[in-house]
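**Q** The primary structure of each chain is shown beneath.
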Amino acid sequence: MTELTNLTVAEIRDGFRVGDFSAREVAQAFNANVAAARALNAFIVETPEKALEAADAADRAKAAGEALKPLSGVPIGMKDLFCTEGVQTTAASHMLEGFTPTYESTVSKKLWDAGAGMLGKLNLDQFAMGSSNETSYFGNVISPWRRGGGDNAALAPGGSSGGSSAAISARLCPAATGTDTGGSIRQPAAFTGISGIKPTYGRCSRWGIVAFASSLDQAGPMARTVRDNAILLETMAGFDPKDSTSLDLAVPQWEANLSSDLKGKKVGIPKEYRPDGLNAEISAMWDRGIEWLKDAGAEVVEVSLPHTKYALPTYYIIAPAEASSNLARYDGVRYGQRDLPDGAGLQDMYAATRALGFGPEVKRRIMIGTYVLSAGFYDAYYTQAQKVRALIARDFELAFEKCDLLLTPTAPSASFALGEKQADPLAMYLNDVFTVPASLAGLPAMAVPGGLDAQGLPLGLQIIGRALDEQTVLNAGLAIEERAGFTARPDKWW
Amino acid sequence: MTESTYRIQGATGEWEVVIGLEVHAQVTSQAKLFSGAATAFGAEPNTQVSLVDAAMPGMLPVPNRECIRQAVRTGMAIEAQINKWSRFDRKNYFYADLPQGYQISQLYHPLVGEGAIEISLDDKNPDAATKVIGIERIHVEQDAGKLMHDQHPTRSYVDLNRSGVALMEIVSKPDMRSPAEAGAYLSKLRTILRYVGSCDGNMDQGSMRADVNVSVRKPGDPFGTRTETKNVNSVRFVMAVVEHEASRQVDVLEAGGKVVQETRLYDPDRNETRSMRSKEDAHDYRYFPDPDLLPLELDDAFLEECRQSLPELPDAKRQRYEQALGLSAYNAATLTADADTARWFEALLAEGARIQKKSEGEVAKASANWLLSELYGALNRLGKSLDDSPVGPEEGAELLALVADGTISGTIAKQVFEIMLETGERAPKIVEEKGLKQTSDTGAIEAAVAKVLADNGDKVEQYKAGKEALFGFFVGQTMKAMQGKANPQVVNELIKKALG
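These protein sequence lines are chains A and B, in that order. Using the UniProt record's numbering, the first residue of the first sequence is number 1, and each one after it goes up by one. Using the UniProt record's numbering, the first residue of the second sequence is number 1, and each one after it goes up by one.
Chain A extracted, bound-state conformation (with noise of 0.2 Å):
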């Protein structure tokens, strides 16, 4: 029998059904491995108890012949940017050390209502602020990946849902929940040889998500395989009466409809998306992606996306000027981290609380939000960034007009070592330029791996569909991973 924890969702949820093996003994097998791959960095909590809890819960289930749930059997990772009842959630952050909510986010509820089981809450950068995962204040996640050639250099496994993507591929979780602002899903699935999912803005609830940006967070699934993906993001997603950006539709069965069928539909590649300088794998690797999809039955357009080179300056303004926002309220006063000096005021509270709970970045990405919404600059940034944006989605909105999805690179480069571009913030968020656009459009998007570079690191591709058409990307997606036949898996190395 195959090792358990190599399993897909989809093989543990249905071996689970037929007998196969216990969800006990799925649980077990990833508790071990969790135990076992500290060395990564990947969990902030391990919470072994509550993935046996379910795990029992299904046993018992099955045995008294009772009607199993989609989840049954299932344990899988948490991003620590939910909101867990009774476990200490920290967004990755000292200002929420020990925070431990007494309420359940509404997408962290959804899968444990569908039977699945907590294995731990996933590190990540801080409040979700970050490229690579460095930016965390439980330190960096490691990526299981290392260069080929006897490099021991510690990679990125990106970021922010970092612990995610290297706890998947390294068979810590068979799956985890992500969030996805600019790119946080993508670009660490694309950097671990995973898939991931942002679904439309407004699939899934943000209540009880710690808020980066509001306007721009999504959660959505990450996992090896694209049908796994379906399966999480049918229950993860749905209308949240407390959430007003919720979407009051139906979830489509999104796992029954996937085909890799992709006669009639036109694959549109944006021009843009080649600029010059380009890394030649990262192109080849496109044009692989290109040809997959042709010989899926898709014919390719070619399409333009005129204002995609205002994406990343316009996402790091309303990003920040949101998240200054959304980060008032961690003050000391409440909950959290305070640092109250002999004889400080209120005033002094707030700088001392706040200089010692939030991390370099994070107070990097408050300060640029205050100045661009500050009086005499709100116009010229926030304003006009607003504009670009809605330009931006009117990009979308024609190129659409010629074809039924788009097919670009994930990001610009594989896995970087840690450390390589922690010094320049910049060139740190440039990795966002290709997932930005669809994050400011709020369209659904998804990684899938195509295969590895010269030095044996997983590369990414993008699939960007219209709004709420997740099947179509999914679709694609499968049609992807069918051809692509990504097998590779990183060396146990932890």
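Hints in this document: simulated from the structure, not taken from any laboratory. There's no promise every hint is true.
As the list claims (entries may be wrong) - Calculated lysine-lysine pairs in the DSS-like style (CA-CA distance at most 30 Å, straight line): (1) B:LYS464 <-> B:LYS485; (2) A:LYS242 <-> B:LYS84; (3) B:LYS146 <-> A:LYS242; (4) B:LYS230 <-> B:LYS146; (5) B:LYS459 <-> B:LYS497; (6) B:LYS317 <-> B:LYS173; (7) B:LYS173 <-> B:LYS84; (8) B:LYS429 <-> B:LYS384; (9) B:LYS365 <-> B:LYS480; (10) A:LYS242 <-> B:LYS91; (11) A:LYS363 <-> B:LYS91; (12) B:LYS480 <-> B:LYS451; (13) B:LYS485 <-> B:LYS467; (14) B:LYS451 <-> A:LYS387; (15) A:LYS242 <-> A:LYS266; (16) B:LYS317 <-> B:LYS84; (17) A:LYS387 <-> B:LYS84; (18) B:LYS357 <-> B:LYS317.
To be verified - With beta-carbon atoms standing in for the labels, derived distance ranges: (19) B:ALA38 <-> A:LEU249: 29 to 37 Å; (20) A:LEU340 <-> B:ASP204: 33 to 41 Å; (21) B:LYS84 <-> A:GLN384: 24 to 32 Å; (22) B:LYS84 <-> A:LEU278: 43 to 51 Å; (23) B:GLU312 <-> A:LEU468: 44 to 52 Å; (24) B:GLN151 <-> A:TYR371: 36 to 44 Å; (25) B:ALA38 <-> A:GLY297: 53 to 61 Å.
Every residue gets a Cβ at the ideal spot worked out from N, C-alpha and C, and that includes glycine.
Based on these hints, arrange chain B on the given structure of chain A.
**A** Relative to the frame of chain A, chain B by itself:
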């Protein structure tokens, strides 16, 4: 409409006062603006707080439809433009009573646009001057919590019960020119809010409070620099602030100084305003559209429901009382000045018309007079209000019906009312049991008249000699002999007949 002649006499001549009010009115609602938490006044600290109000991580606001509805109804009551598309903005600042670190308000696109309120400088006088005060806008926003500094020698405590409670900010134009106008405006606004039911108007509980903007200028000059005195919580205090602040500004200007644009606080104990902060250290609130909330879009059905649910408003009611019910301007104004009084009066009217099988117009005058003199007199004596009146509209209508059909006289009615107040018994029972029915038995009255005239032969002579005023004396004596129970009309006729 008339121009105010209110002027401040300065050393350099006359000064005109310019006033605008920003009134914060708490929306009457079971739940807060963006959370399901309750809004009861006077509850134990931090017992009316949801996760949203405490700004726990990951919590999101969801607009409360009822709060929006009340603000729209209020806008309709002042005939304002209702914006079918509006939006919420965040006003960012740090304070311990503001858990989110921002207040959700509406800066750029308020729910309600321009409207107007007509005020009268003497409500009871139909000939008094009236003036239209423009309303700039009404927007809805969250209230903050409350800091308590008196619980501990070195610590402050925070009560979040009010955090997130829905407020309407009703912003007037700078159209008022005297303390009296400011007072009349605030009173009228309060009356409208109470009629509409969108705010209870309890200023002593903080449900309504005003920021008072005052500037002075020489008549005909452009507007001067204004100051804003925050959180003034009674009509009297608003008038005092205007008076005090205008004089202060005149003093400053006449001494060659400049009025500083600043926020001030009113100290009612010392009747003065004090500087709180100047424009220089004003906050930069970094307003921007709240990304957690979609724009508020109102459909026609919602607006129609709001319109249908509006009650008759004070001005319309007053006009109807005067024209359809034939009440005096004074009575109409008094009865409509307060929604509760009008409601009580209309119940009395409806019940009276029902019992007497007459139209409301036919019973209106007697009902109004009784309510405003007899009932109000009694309530004043007892220190009670209409709300806790021992006699209800139904009981009052029964009493008035007995007078109207001649069962008892007005004099007896007063006695019966006293007994009603004391015992809680109803008028017909009291009249029956105490034998207070007035008699029209001509035999008994004739006998009484004969005795009165016989006992007062001298006065009869004087009457016949032309001193006709003595007629009233004979009536009074006869009534007295009949213990007030004689029908006065019959008494009159019989005396006339007896005197030839």
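**Q** Is 44 to 52 Å respected by the C-beta to C-beta distance linking GLU312 of chain B and LEU468 of chain A?
**A** holds (48 Å)
**Q** Tell me if the straight-line CA distance from LYS242 of chain A to LYS91 of chain B falls inside 30 Å.
**A** Distance of about 22 Å is within 30 Å: holds.
**Q** If you draw a straight line from the CA of LYS459 of chain B to the CA of LYS497 of chain B, is it 30 Å or shorter?
**A** The hint holds at about 16 Å.
**Q** Could one say that the CB atoms of LYS84 of chain B and GLN384 of chain A fall in the range 24 to 32 Å?
**A** Holds - the Cβ-Cβ distance for LYS84 of chain B and GLN384 of chain A, about 27 Å, lies within 24 to 32 Å.
**Q** Are the Cα atoms of LYS451 of chain B and LYS387 of chain A separated by 30 Å or less?
**A** violated (101 Å)
**Q** For GLN151 of chain B and TYR371 of chain A, compare the CB-CB distance with the range 36 to 44 Å and indicate the outcome.
**A** The hint (36 to 44 Å, Cβ to Cβ) holds, given that GLN151 of chain B and TYR371 of chain A are roughly 38 Å apart.
**Q** Quickly compare the C-alpha distance for LYS363 of chain A and LYS91 of chain B to 30 Å and report which way the hint goes.
**A** Measuring from Cα to Cα gives roughly 20 Å; hence the hint holds.
**Q** Taking 30 Å as the top limit, are the C-alpha atoms of LYS480 of chain B and LYS451 of chain B close enough?
**A** holds (12 Å)
**Q** Is the straight-line distance between the alpha-carbon of LYS429 of chain B and that of LYS384 of chain B 30 Å or less?
**A** Holds - the C-alpha atoms of LYS384 of chain B and LYS429 of chain B are around 25 Å apart, at most 30 Å.
**Q** Checking one constraint from the list: CA of LYS230 of chain B to CA of LYS146 of chain B, max 30 Å. Satisfied?
**A** holds (16 Å)
**Q** Take a quick look at whether LYS464 of chain B and LYS485 of chain B sit within 30 Å of each other, Cα to Cα.
**A** Holds, because 27 Å separates the two Cα atoms, which is no more than 30 Å.
**Q** Could you grab the alpha-carbon distance between LYS146 of chain B and LYS242 of chain A and see if it respects the 30 Å cut-off?
**A** Given pair LYS146 of chain B, LYS242 of chain A holds - Cα atoms ~26 Å apart, limit 30 Å.
Hint violations for this structure: numbers 14 and 15, all remaining hints satisfied.
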